[in-house]
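Asks: Chain A is fixed; fit chain B onto it per the hints.
Listed in order, the protein sequences are those of chains A and B. Going letter by letter, the first sequence gives residues 4 to 118 in our numbering. Going letter by letter, the second sequence gives residues 70 to 183 in our numbering.
No lab work stands behind these hints: they were computed from the structure. Watch out, some of these pointers could steer you wrong.
If you want a taste of the chain A side facing chain B, the calculated C-beta under 8 Å gives, among others [claimed, not checked]:
1) Tyr35
2) Gly46
3) Leu47
4) Leu49
5) Lys52
6) Phe54
7) Phe93
8) Gly97
9) Gln104
10) Lys105
11) Gly109
12) Thr110
Below, computed lysine-lysine pairings styled on DSSO-like, alpha-carbon distance capped at 30 Å [unchecked claim]:
13) B:Lys126 x B:Lys139
14) B:Lys140 x A:Lys52
15) A:Lys105 x B:Lys139
16) A:Lys105 x B:Lys72
17) B:Lys139 x B:Lys72
18) A:Lys105 x B:Lys140
19) B:Lys82 x B:Lys140
20) B:Lys72 x B:Lys122
21) A:Lys105 x B:Lys87
22) B:Lys126 x A:Lys105
23) B:Lys122 x A:Lys105
24) A:Lys52 x B:Lys124
25) B:Lys87 x B:Lys140
26) A:Lys64 x A:Lys52
27) B:Lys126 x A:Lys52
28) B:Lys124 x A:Lys105
29) B:Lys72 x B:Lys140
30) B:Lys72 x B:Lys82
31) B:Lys72 x A:Lys64
32) B:Lys139 x B:Lys122
33) B:Lys72 x A:Lys52
34) B:Lys72 x B:Lys87
35) A:Lys105 x A:Lys71
36) B:Lys126 x B:Lys140
Calculated from the model, a selection of chain A residues having no Cβ within reach of chain B, i.e. all distances over 10 Å [to be verified]:
37) Pro10
38) Val16
39) Ile63
40) Glu69
C-beta: ideal position from N, C-alpha, C; glycine also.
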Amino acid sequence: AQSVTQPDIHITVSEGASLELRCNYSYGATPYLFWYVQSPGQGLQLLLKYFSGDTLVQGIKGFEAEFKRSQSSFNLRKPSVHWSDAAEYFCAVGQGSAGFQKLVFGTGTRLLVSP
Amino acid sequence: DVKVTQSSRYLVKRTGEKVFLECVQDMDHENMFWYRQDPGLGLRLIYFSYDVKMKEKGDIPEGYSVSREKKERFSLILESASTNQTSMYLCASSHQGHSGQPQHFGDGTRLSIL
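Here chain A stands alone, though its shape is the one from the complex (with noise of 0.2 Å):
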């Protein structure tokens, strides 16, 4: 069965700084990834998606993602983190066939910006 792994729970990063969070997953054929974030108390709202094509996917907000088969990986990625990019970040990889699709979540990593 498929299953995606987020190995951070949680993450602090300076203001202005870079970031990184980590994403792998287990997909026997070519998979659907997705990147969502959820502020406090909302729903989540998706930031990028990797179908093919290009294994470096530029999504909203500044974030990026690259695809790397060889590591079954799919980091997100931000050069300068601001201060409203407090949230948690869920990684998601889809599952079905064409037409239809279920997502399969990590636990998601919460990132913390420090002044």
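Replies: Positioned in the frame of chain A, the structure of chain B alone reads:
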């Protein structure tokens, strides 16, 4: 923009009550989902539906049922609420098209069972 609306942000109910959580989406999406979110466990799929009157069990369906009488509305029902169902509940919807359609989420309902 896709709008997924959950009827309540906060809800407090008593053990043994029948509880209804409502979700409405305005983008004519075929697929709808109910998740529960608990600290350290991420999101777990309770039920999903890919068409009106169709439903499929997710990973943790025990103690829950669902109803989809109209395409835009997907209801989660706790038949007899128990304290271990205290959680954040998230509804999502997605389009049935090419593979990899993202899911769009509501703001969640924080449910407390006393």
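Asks: Hint by hint, say whether it matches the structure.
Replies: Hint-by-hint comparison with the structure:
Because the closest C-beta pair between A:Tyr35 and chain B is about 4 Å apart, less than 8 Å, the hint holds. Against a cut-off of 8 Å between C-beta atoms, the interface hint on A:Gly46 holds, since the closest Cβ of chain B lies about 4 Å away. The beta carbon of A:Leu47 comes within 4 Å of a beta carbon in chain B, closer than 8 Å, and the hint placing it at the interface holds. Contact between A:Leu49 and chain B, as hinted, is supported at the beta carbon level, the nearest pair being about 5 Å apart and thus within 8 Å.
With a cut of 8 Å, the hint placing A:Lys52 at the interface with chain B holds, because the nearest CB-to-CB distance is about 6 Å. A distance limit of 8 Å between C-beta atoms decides the matter here; for A:Phe54 the minimum to chain B is near 5 Å, and the interface restraint holds. Annotation: A:Phe93 was flagged as interfacial toward chain B, and the flag holds, the nearest CB pair being 7 Å apart, inside 8 Å. Annotation: interface hint on A:Gly97 holds; nearest CB of chain B at approximately 6 Å, less than 8 Å.
With a least beta-carbon distance of about 6 Å to chain B, the hint placing A:Gln104 at the interface is held under the 8 Å criterion. For A:Lys105, the suggested interface contact is upheld, since its CB lies about 6 Å from the closest CB of chain B, less than 8 Å. Annotation: interface hint on A:Gly109 holds; nearest CB of chain B at approximately 6 Å, less than 8 Å. Restraint check, A:Thr110 versus chain B: the minimum CB separation of about 4 Å is within 8 Å; hint holds.
Using a Cα cut-off of 30 Å, the hinted pair B:Lys126 and B:Lys139 holds, with the two alpha carbons roughly 19 Å apart. For a cut-off of 30 Å, the pair hint linking B:Lys140 to A:Lys52 stands: about 26 Å separates their Cα positions. For a cut-off of 30 Å, the pair hint linking A:Lys105 to B:Lys139 stands: about 21 Å separates their Cα positions. The suggested pairing of A:Lys105 with B:Lys72 holds, with an alpha-carbon distance near 19 Å, which does not exceed 30 Å.
At most 30 Å may separate the alpha-carbon atoms for a hinted pair to count; B:Lys139 and B:Lys72 meet this at roughly 16 Å. Only pairs whose Cα atoms come within 30 Å are accepted, and A:Lys105 paired with B:Lys140 is accepted, the gap being roughly 18 Å. Of the pairs offered as hints, the one joining B:Lys82 and B:Lys140 holds, with about 28 Å between alpha carbons and a cut-off of 30 Å not exceeded. Between B:Lys72 and B:Lys122 the alpha-carbon distance is near 21 Å, which keeps this suggested pair within the 30 Å criterion.
For the proposed pair A:Lys105 and B:Lys87, the alpha carbon gap of about 27 Å is at most 30 Å, so the pair holds. For the proposed pair B:Lys126 and A:Lys105, the alpha carbon gap of about 11 Å is at most 30 Å, so the pair holds. Between the alpha carbons of B:Lys122 and A:Lys105 the distance comes to roughly 18 Å, so the proposed pair stays at or under 30 Å and holds. Using a Cα cut-off of 30 Å, the hinted pair A:Lys52 and B:Lys124 holds, with the two alpha carbons roughly 26 Å apart.
Restraint check for B:Lys87 and B:Lys140: satisfied, since their Cα atoms lie roughly 23 Å apart, inside the 30 Å limit. Simply put, A:Lys64 and A:Lys52 have alpha-carbon atoms about 14 Å apart, close enough for the 30 Å limit, and the pair holds. Of the supplied pair hints, the one linking B:Lys126 and A:Lys52 holds, its CA atoms being roughly 26 Å apart against a limit of 30 Å. Taken as a hint, the B:Lys124 and A:Lys105 pair is honoured in the structure, with Cα atoms around 13 Å apart against an allowance of 30 Å.
Our distance criterion of 30 Å between C-alpha atoms is met by B:Lys72 and B:Lys140, whose separation comes to about 14 Å. Annotation: proposed proximity of B:Lys72 to B:Lys82 holds, straight-line Cα distance about 27 Å (limit 30 Å). For the given pair, B:Lys72 sits about 20 Å from A:Lys64 by alpha-carbon distance, which is consistent with the 30 Å threshold. A distance of roughly 8 Å separates the Cα atoms of B:Lys139 and B:Lys122; the hinted pair therefore holds under the 30 Å criterion.
About 19 Å separates the Cα atoms of B:Lys72 and A:Lys52, which keeps this hinted pair within 30 Å; it holds. Taking the CA atoms of B:Lys72 and B:Lys87, the gap is near 27 Å; set against the 30 Å cutoff, the hint holds. Taken as a hint, the A:Lys105 and A:Lys71 pair is honoured in the structure, with Cα atoms around 22 Å apart against an allowance of 30 Å. Under the criterion of a C-alpha separation no larger than 30 Å, the hint pairing B:Lys126 with B:Lys140 is consistent with the structure, at around 18 Å.
Listed as outside the interface, A:Pro10 is consistent with that label: its C-beta sits roughly 13 Å from the nearest C-beta of chain B, beyond the 10 Å cut-off. No beta-carbon of chain B is positioned within 10 Å of the beta-carbon of A:Val16; the least distance is around 21 Å. Once the 10 Å rule is applied to beta carbons, A:Ile63 is consistent with being away from chain B; the minimum gap is 12 Å. Its beta-carbon lying about 17 Å from the closest one in chain B, A:Glu69 satisfies the requirement of being farther than 10 Å from that chain.
Violated hints are absent here; each numbered hint is respected by the structure.
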